[in-house]
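Engineer: Given these sequences and hints, build the entire structure.
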Amino acid sequence: MEWTIVLNNGFLENPPDVLKFLGRFHPMVVHLPIGFLLMAGISQLATRWPKFYTLKPYTPYLWALGAWSAFFSVVFGYLLSLSGDYDTDTLFWHQWSGIALLALSTGCYLLFKSQFRLSAYITWVPVVLVVVLLMYTGHLGGNLTHGSTYLLEYAPNTLRNVAGLPPKKEPRKKVAVIDSADIFLDLVVPIMERKCVSCHNEGKRKGDLLLTSHNHILAGGESNETVLPGNPEGSELFRRITLPETHDDFMPSEGKPPLSDEEVEIIGFWIQAGALPNGYVTELPANDAILPTVIHYLGLDRNTVFNKIPPVPNAADIDSLQNKGFLMNRLMEDKHFYEANFSLSGRSFKPSDAQMLIALKEQLVWLNLANAAVKDVHLEKIGQLENLVRLDLRGNPITDVGIAHLLTLKNLESLNLFGTQVSDGVFELLPQFPKLKTVYLWQTPTNDSLALQFQKAHKNITIVYEREGF
Amino acid sequence: MGKYDHFMQRPLSRREMLGICKGGFGALAFTSLFGGLSLGCSRSATTTSSSGLYVGPHYMPRAKNIIFLYMDGGVSQVDSFDPKPRLAKEHGEDPKQKFKVDATQFDNVGKILKSPWEFNQYGECGMPVSELFPHIATCVDDIALIRSMTSNFPEHTNANYFLHTGSGIQGRPSMGSWMTYGLGSENKNIPGYVVLDGGLIPPGGLDNFKNGFLPASYQASVLRAGAEPIANIKPQENITALQEKKLGFIKNIDNSLIGKMGQVDAVESAISNYELAYQMQSSIPELTEFSAESKATKKLYGMDSDDPHTRGYAAQCLLARRLVERGVRFIELTCPKVEADRWDQHSNLIEGHERNAHAVDQPIAGLLKDLKSRGLLEETLVVWTGEFGRTPFAQGTNGRDHNPSAFSMWMAGAGIKGGTIFGKTDEYGYRVIENEVTIHDLHATIMHLLGIDHERLTFRFGGRDMRLTDVHGHVMKDVLA
Chain D
1 MEWTIVLNNG FLENPPDVLK FLGRFHPMVV HLPIGFLLMA GISQLATRWP
51 KFYTLKPYTP YLWALGAWSA FFSVVFGYLL SLSGDYDTDT LFWHQWSGIA
101 LLALSTGCYL LFKSQFRLSA YITWVPVVLV VVLLMYTGHL GGNLTHGSTY
151 LLEYAPNTLR NVAGLPPKKE PRKKVAVIDS ADIFLDLVVP IMERKCVSCH
201 NEGKRKGDLL LTSHNHILAG GESNETVLPG NPEGSELFRR ITLPETHDDF
251 MPSEGKPPLS DEEVEIIGFW IQAGALPNGY VTELPANDAI LPTVIHYLGL
301 DRNTVFNKIP PVPNAADIDS LQNKGFLMNR LMEDKHFYEA NFSLSGRSFK
351 PSDAQMLIAL KEQLVWLNLA NAAVKDVHLE KIGQLENLVR LDLRGNPITD
401 VGIAHLLTLK NLESLNLFGT QVSDGVFELL PQFPKLKTVY LWQTPTNDSL
451 ALQFQKAHKN ITIVYEREGF
Chain E
1 MGKYDHFMQR PLSRREMLGI CKGGFGALAF TSLFGGLSLG CSRSATTTSS
51 SGLYVGPHYM PRAKNIIFLY MDGGVSQVDS FDPKPRLAKE HGEDPKQKFK
101 VDATQFDNVG KILKSPWEFN QYGECGMPVS ELFPHIATCV DDIALIRSMT
151 SNFPEHTNAN YFLHTGSGIQ GRPSMGSWMT YGLGSENKNI PGYVVLDGGL
201 IPPGGLDNFK NGFLPASYQA SVLRAGAEPI ANIKPQENIT ALQEKKLGFI
251 KNIDNSLIGK MGQVDAVESA ISNYELAYQM QSSIPELTEF SAESKATKKL
301 YGMDSDDPHT RGYAAQCLLA RRLVERGVRF IELTCPKVEA DRWDQHSNLI
351 EGHERNAHAV DQPIAGLLKD LKSRGLLEET LVVWTGEFGR TPFAQGTNGR
401 DHNPSAFSMW MAGAGIKGGT IFGKTDEYGY RVIENEVTIH DLHATIMHLL
451 GIDHERLTFR FGGRDMRLTD VHGHVMKDVL A
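Just so you know, the sequences run in chain order D and E. In terms of our numbering, the first sequence opens at residue 1 and continues consecutively. In terms of our numbering, the second sequence opens at residue 1 and continues consecutively.
Everything hinted at is true.
With a cut-off of at most 27 angstroms between alpha-carbon atoms, the simulated BS3-like pairs for lysine-lysine come out as follows: (1) D:Lys-410 - D:Lys-375; (2) D:Lys-195 - E:Lys-417; (3) D:Lys-335 - D:Lys-324; (4) D:Lys-256 - E:Lys-424; (5) D:Lys-335 - D:Lys-308; (6) D:Lys-410 - D:Lys-381; (7) D:Lys-437 - D:Lys-410; (8) E:Lys-424 - D:Lys-195; (9) D:Lys-456 - E:Lys-417; (10) D:Lys-437 - D:Lys-381; (11) D:Lys-435 - E:Lys-417; (12) D:Lys-350 - E:Lys-188; (13) D:Lys-381 - D:Lys-435; (14) E:Lys-417 - D:Lys-410; (15) D:Lys-350 - D:Lys-361; (16) E:Lys-417 - D:Lys-437; (17) D:Lys-375 - D:Lys-324; (18) D:Lys-113 - D:Lys-56; (19) D:Lys-335 - D:Lys-381; (20) D:Lys-256 - E:Lys-477; (21) E:Lys-114 - E:Lys-96; (22) E:Lys-417 - D:Lys-459; (23) E:Lys-477 - D:Lys-435; (24) D:Lys-335 - E:Lys-477; (25) D:Lys-308 - E:Lys-477; (26) E:Lys-477 - D:Lys-195; (27) D:Lys-169 - D:Lys-195; (28) D:Lys-437 - D:Lys-459; (29) E:Lys-111 - E:Lys-96; (30) D:Lys-174 - E:Lys-477; (31) D:Lys-435 - D:Lys-174; (32) D:Lys-174 - D:Lys-335; (33) D:Lys-20 - D:Lys-195; (34) D:Lys-256 - E:Lys-417; (35) E:Lys-477 - D:Lys-437; (36) E:Lys-114 - E:Lys-424; (37) D:Lys-324 - E:Lys-188; (38) E:Lys-188 - E:Lys-245; (39) E:Lys-424 - E:Lys-96; (40) D:Lys-459 - E:Lys-477.
Bear in mind the hints are in silico, worked out from the structure with no lab data behind them.
Structural biologist: Given below as C-alpha cells:
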C-alpha cells in the first residue's frame, strides 16, 4: 500500500539525492564480490589437493562474503541506474546477470555450508557458472562505464577482427604546418576525444548526446540546438562549455578537466564558420583572430631546432672553450644543447674563438658575446652556428654589415643589439630572419620613428628600441 | 665519529661511484669532481662531462637569474592589486555578521575597512592597480599577477621561513641555496646567491638565507647598502703578497685537515669561501661603483628622489641589475627601513603603506624597464611578494592584521605571460576561492622557469632525499608564456 504511494509519487523518476549518492558507491563496491567470489572459486578448486585440505572449513565463509558483497553491489547498482544515463540494452543485461550472480553465489554458500554431498562433478557446475557469470557481468559493467570500445581499443587488429570491430584507426598525421591543419579533424575531434567523449559515447550517452562523429554532434541530444552552424552563442554545446565552472549546467561536469581557453575559442570558431565536417583553417573566412591561437595550440610556434638530436660534443672542444673564458652550460638533461657565455671572460673576442665555436655548431643554441669587442668580420663565422636561437651581441662595435652575415641563422628568435652601432639598414635585414621574435635596439644609431614604423608593419617581431621613462 | 654521522655530508653512493669510475679514468674524474665541488659556487658543465654526473637544468630553462623582491611584513592585497568594491559598500559594518572570521594574531577585529586608495586600470591588459604603485602600474603588460596566494603561517617568522625555505621551521636551505646548488653560478668572483640588504632583515633573521643541510658554499652573502657593502672587504694588509701568503698558509692547514678527515663539507666550504672572499676584494668595489651608469639611468630608478628610502632602494635595484649582468643566479632584495614599520600595518595603514610603497615603487618599475630595454628581462625572472596578506577588516580602527588565507604577488620577465591575472579571492579579498597557489607552487614554478624539475632536485639528508618543495608543489602553467 505504502509502496504504491511511493511509486505513484514518481519516486523512480525522481529519486532523492541520498539514494543517488549511495548509487555512486556502486563502482567501488562491485570490486568486492569480484575478489571474494574468485577467491571462493579458487579455494574450492584448491581443496581437491591434500595440501589445501585445511582450507575446506573456510570456503563457506568466502562464499558468504561473496554473496553479501554481491547483494550490496546489486542494491547500489540499482540506485545508480536510477540516476545514470546508461545504454538501456547493456544496462538490462548487466542488471539481471548481476541479480543472477547474487542468487547463484547465495546458492553456493548454502550448498557448501551444508553437509550435503553431491558428486564431485556436479559440484563444479555452480562454481564454474558463478565465475563465468562474474566475468560477464563485470565486462558489461566496464562497457557501461568506459564505453564498449574501451577494452579492445589498443588490442591487436586480429583480435579486433574476431570481435567484429574495424581495424584500429591510424592516428592522423601530426600537423606540421598551419596550412595543413583541418578545423574539424585536427582540432575539434581531438578536443572532443580528450574532454567530451568519455561521457558522450555509444555506451554512456549522457543527455542522449553522442559526440563521436560529425553527424552525431550536429544531430544533438536532448537539446536539438546542440550545435547551430554559424551561431555559437545559440548553440547549447558552446553555452555549456563557456558557463562559469560552478554553474550546474557547466560541461564537462563532475569535476572532469574543463576545456582550456584556447579550446573554447577553437570550438567557437568552428561553429561560427559553419560547423563543417572538414576544411583547412587557413581557407575558412574570418580566420585572422583564430590563427595565432591554432598555431599555439598545435605547438607550431615551437622552434623545430629542439626536435633535433645533437651529437655528444667532443669534451676537448668544450674544455678548450672554457680555457678561453667561455662558460659552457648544458641546457637540458636529455639532449646535448649548449649555451656559451663569453660575457664574463674579461677578454676580447678573437677570430680563433669563433673557429672554436664552429666545432660545436650543432650543440650551440644560446650564445652570449656581450661587451666582448666583437667586430663585423667575426660575425661571418657566427653566421655558421645554424642552430642559434638566442644571440646576445650587446655592447659590441658592430654595424649592419655584421648583421648581414647572420642571415643564415634560420632559427634565431632573439637578437640583442643593445648599445651596438647598427643603424637603419637593419630594418631591411630583420624580416629575413624567419623565426625572429624579439630584437633589442636601444642605444643604437637607429631612428626611433623608423623603428616604430617597422613595429607596426611587423606584428610578429617585437622591437625594443627605447627605454620608457616616467 | 659517532651517532651524528648522518648529519655529515653523505659519501658517494655505489651508483655514483660506478658512474664516476666507468670509462677507466676514475682517478682523473675523482679529482675533477671534488675540484668542482670544492669550488662550490662554480659548478659548471665541465664537472658534468668528465665525471658522468649531470649538473644543470633538467629541461630548457626560460630564466637564468632570479631577482626576488621581498615585501617584508605583508602588503595588503585589497589595497594594492586586488580591488574589492564590496568593502566600500559595507565599510564600517561588522565583518562577523558577513563571513566567518578566523582568529587573528592580535584578536582585535574591527569593522570592515574599505581601501583608502583608488584603483585604476593600466596597460593593454587593463590590470587594476591601486594609487600606491603608480610606477609599477606602467609595467603591468609584463606582469603576471597572482591573486590567490596562501601561506600556512599567520605570523612573520614562520611565514618567512616558509616563503624562503619551504618549511615553517628554521634550518632548511633557502630557495636561493637550492637554485645555486642546482645550477651553480656563472661568476667565480661573486657569490651565486646574494641578498641585498635594504635596511630590514626579515623576522627570522639570517636563517631565511642559510644553506641548511646543503654545502655551506650555497649560503647567501648579504651585501649592505652604502659605502662598504661587506665588512672588512678592504684588506688589512698593505702588501698583497703578505695577504696571499697568509691565505696560502690557512689553505695548507685546511688541506691537511681534509687529508685526515676526508671530504668534509665544512672544511671544503671554508676553503672555497676564502678563495671567493679573496676575489671579492676586487669584484665587489667594481660592482658597487656606479660612475659608469648614466644620469638618465640613475633618474629612472629614482636615485634623485627626495625620499632617502627611495634613493636607497633605487641603488639596490640598480645593483641587482648589475649582478644579473655579472651572472649572479639568485638575488634577493630586502625592504628599506622607512619611518613607519615594514609593510606590517597593524595600525596607521595609510601612512605606513604609503611610505613603504613610495620607497619601492619607482625603483622596482625602473628596474623592470631597464632590464627590458637591455634585453635582460628575457632571461631574468623578477618575483614580487610578501609572506602573507592582510585582513579586509580593520585591526582596531585604522590597521589591518595578518591574513595568510589570501594575498597577491606578481612575477615578470623570463617565461612569464605578461598581463595575466591568475586566481580569485572572495568578494572581500579574505579567502581564495579559485586556483589557490601555495608557497610550494611558487617554488615549483620558479624552479621550472630555471629549467629545474622541483621533484628531482634533491639532497640526501637525515636518511631521505630532501626537496625544496618537500612532497608538494605544482607548476603554475597558466602564468607561463
